[in-house]
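All chains, please: the whole structure from these sequences, using the hints.
There are 2 protein chains.
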Amino acid sequence: MDKRTKLMHTAKRLFSEHGFYGTATARIAKEAGVSNGILFHYFPTKDELIKAMYFDIKDRIFHYSLGQVYKGATLKESIYTLWLAAVEWNLENPEDFDFMLQFENSPYYSIEIEKSHKYVQMSVELAEKGIEQNVFKHLTPLLLFQLMSSLVDTTVKFLRINPELQTDIEYKNRLFEIAWDAIKK
Amino acid sequence: MDKRTKLMHTAKRLFSEHGFYGTATARIAKEAGVSNGILFHYFPTKDELIKAMYFDIKDRIFHYSLGQVYKGATLKESIYTLWLAAVEWNLENPEDFDFMLQFENSPYYSIEIEKSHKYVQMSVELAEKGIEQNVFKHLTPLLLFQLMSSLVDTTVKFLRINPELQTDIEYKNRLFEIAWDAIKK
DNA sequence: TGAGAGATTGACTAATCAGTCGGTTTTAAA
DNA sequence: TTTAAAACCGACTGATTAGTCAATCTCTCA
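Chains as they are written, first to last, in this note's numbering: chain A, 317 to 501; chain B, 317 to 501.
In short, the hints are calculated from the structure, not lab data.
There's no promise every hint is true.
Since copy identity is lost for identical chains, a pair holds within one copy or between any two.
The calculated lysine to aspartate or glutamate pairs, modelled on EDC-like cross-linking and capped at a C-alpha distance of 20 Å, are [stated by the list, open to error]:
hint, residue 1, residue 2
1, Lys-501, Asp-412
2, Lys-453, Glu-486
3, Lys-392, Glu-333
4, Lys-328, Glu-420
5, Lys-501, Glu-486
6, Lys-319, Glu-408
7, Lys-445, Asp-372
8, Lys-453, Asp-484
9, Lys-434, Glu-493
10, Lys-322, Glu-408
11, Lys-473, Glu-420
What follows is the structure, encoded as structure tokens:
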């Protein structure tokens with residue numbers, strides 16, 4: 317693993333555990349087993365490191381999710397697949413999940429950053445389709461996406477403290493119905 | 317206004333603007349117009365200050381909300397009243413809202429802290445009632461509350477970037493239906 | 001082989017930070 | 001009026017911080 321990746325892994329772990337505030341750059345470098353200088357070689361500032369990590373995580377969840385949906389699926393099937401992919405990815409990557417929550421609720425975050433990512437753009441397009449087909453409530457597509465996202469987050473938080481339910485696909489389906497009922501007409 | 321309150325006001329503004337990380341205690345004291353020492357007289361550590369602010373905000377939103385619900389209301393009416401109270405309170409107190417989002421998604425937060433507050437306890441009791449009456453989905457009461465909360469947050473974020481909709485009560489009712497559909501059976 | 005570019009080091013620094021402390025003023029009750 | 005506690009001040013400190021830099025190493029390709 318190259319040092320840039322090592323740094324991001326270590327940073328993710330420390331940030332999710334101690335927050336942006338509680339994590340010194342020197343500590344990241346030390347625990348990653350690299351020199352202090354190389355951190356600033358790859359990431360000019362601590363903020364750049366944080367932002368780079370955000371885009372890296374979004375990229376990974378995007379490619380993971382995209383691999384799951386298939387062409388012939390109905391709208392509800394597609395939404396279900398994306399919902400489930402998001403839930404499971406976040407459960408399997410708890411540090412990424414914690415990092416994202418912190419980042420998206422910090423002053424770093426803005427609506428421009430959110431809109432700039434393909435993952436959001438794809439989801440918004442899907443929302444538009446659902447509205448056109450009169451399946452979704454007639455609301456701003458971006459809002460529908462944000463509602464879904466926040467329900468995914470809440471679901472993940474809940475399944476994290478109830479791990480015995482994580483393998484119960486029947487229960488997960490019931491959790492999906494919450495999100496579906498929220499946006500469907 | 318006493319100095320303790322002044323400090324909390326200033327801290328809230330600075331934290332919501334620059335985050336916990338970006339706000340020095342010395343700056344809080346300076347902009348509050350008090351000495352550095354008095355901050356640590358009232359709050360032994362920066363963390364204590366942050367936690368005290370959390371409980372203060374929860375208290376205020378709790379008393380505000382409680383004043384709105386009336387005895388004879390149906391379950392849906394009560395939920396609507398609480399939903400609307402939360403949305404409007406957060407819109408009117410954007411700094412409190414930003415602070416809460418940051419806090420609740422930071423490593424400071426835990427499920428124990430959440431459960432410890434009366435606001436949460438009251439909401440959970442209401443959720444239990446809804447489940448008993450077969451009006452809500454049969455899920456953990458705490459989960460139903462958390463779902464509602466996250467939908468309130470998303471709604472507030474949305475109304476913040478669309479201020480022209482903030483006075484449109486008809487539109488707000490449609491936004492409430494999202495949350496209602498999510499939890500109702 | 002050699003030259004140039006990028007990767008890597010770790011000691012270093014200037015600034016900033018949370019928290020302390022010795023002392024003064026204000027408050028309120030006795 | 002006395003007294004003691006609480007409020008208050010701001011200079012101070014030791015630790016920590018993000019970020020720099022001059023030097024060395026490693027890789028690549030001509």
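Going down the list of hints, with the structure as the test:
| no. | hint | in the structure |
| --- | --- | --- |
| 1 | Lys-501 / Asp-412 | neither (33 Å within a copy, 33 Å between copies) |
| 2 | Lys-453 / Glu-486 | between (26 Å within a copy, 15 Å between copies) |
| 3 | Lys-392 / Glu-333 | neither (36 Å within a copy, 39 Å between copies) |
| 4 | Lys-328 / Glu-420 | both (14 Å within a copy, 19 Å between copies) |
| 5 | Lys-501 / Glu-486 | between (24 Å within a copy, 17 Å between copies) |
| 6 | Lys-319 / Glu-408 | neither (23 Å within a copy, 47 Å between copies) |
| 7 | Lys-445 / Asp-372 | neither (28 Å within a copy, 44 Å between copies) |
| 8 | Lys-453 / Asp-484 | between (29 Å within a copy, 17 Å between copies) |
| 9 | Lys-434 / Glu-493 | neither (26 Å within a copy, 29 Å between copies) |
| 10 | Lys-322 / Glu-408 | within (19 Å within a copy, 44 Å between copies) |
| 11 | Lys-473 / Glu-420 | both (15 Å within a copy, 12 Å between copies) |
In summary, the numbered hints that this structure violates are 1, 3, 6, 7, 9.
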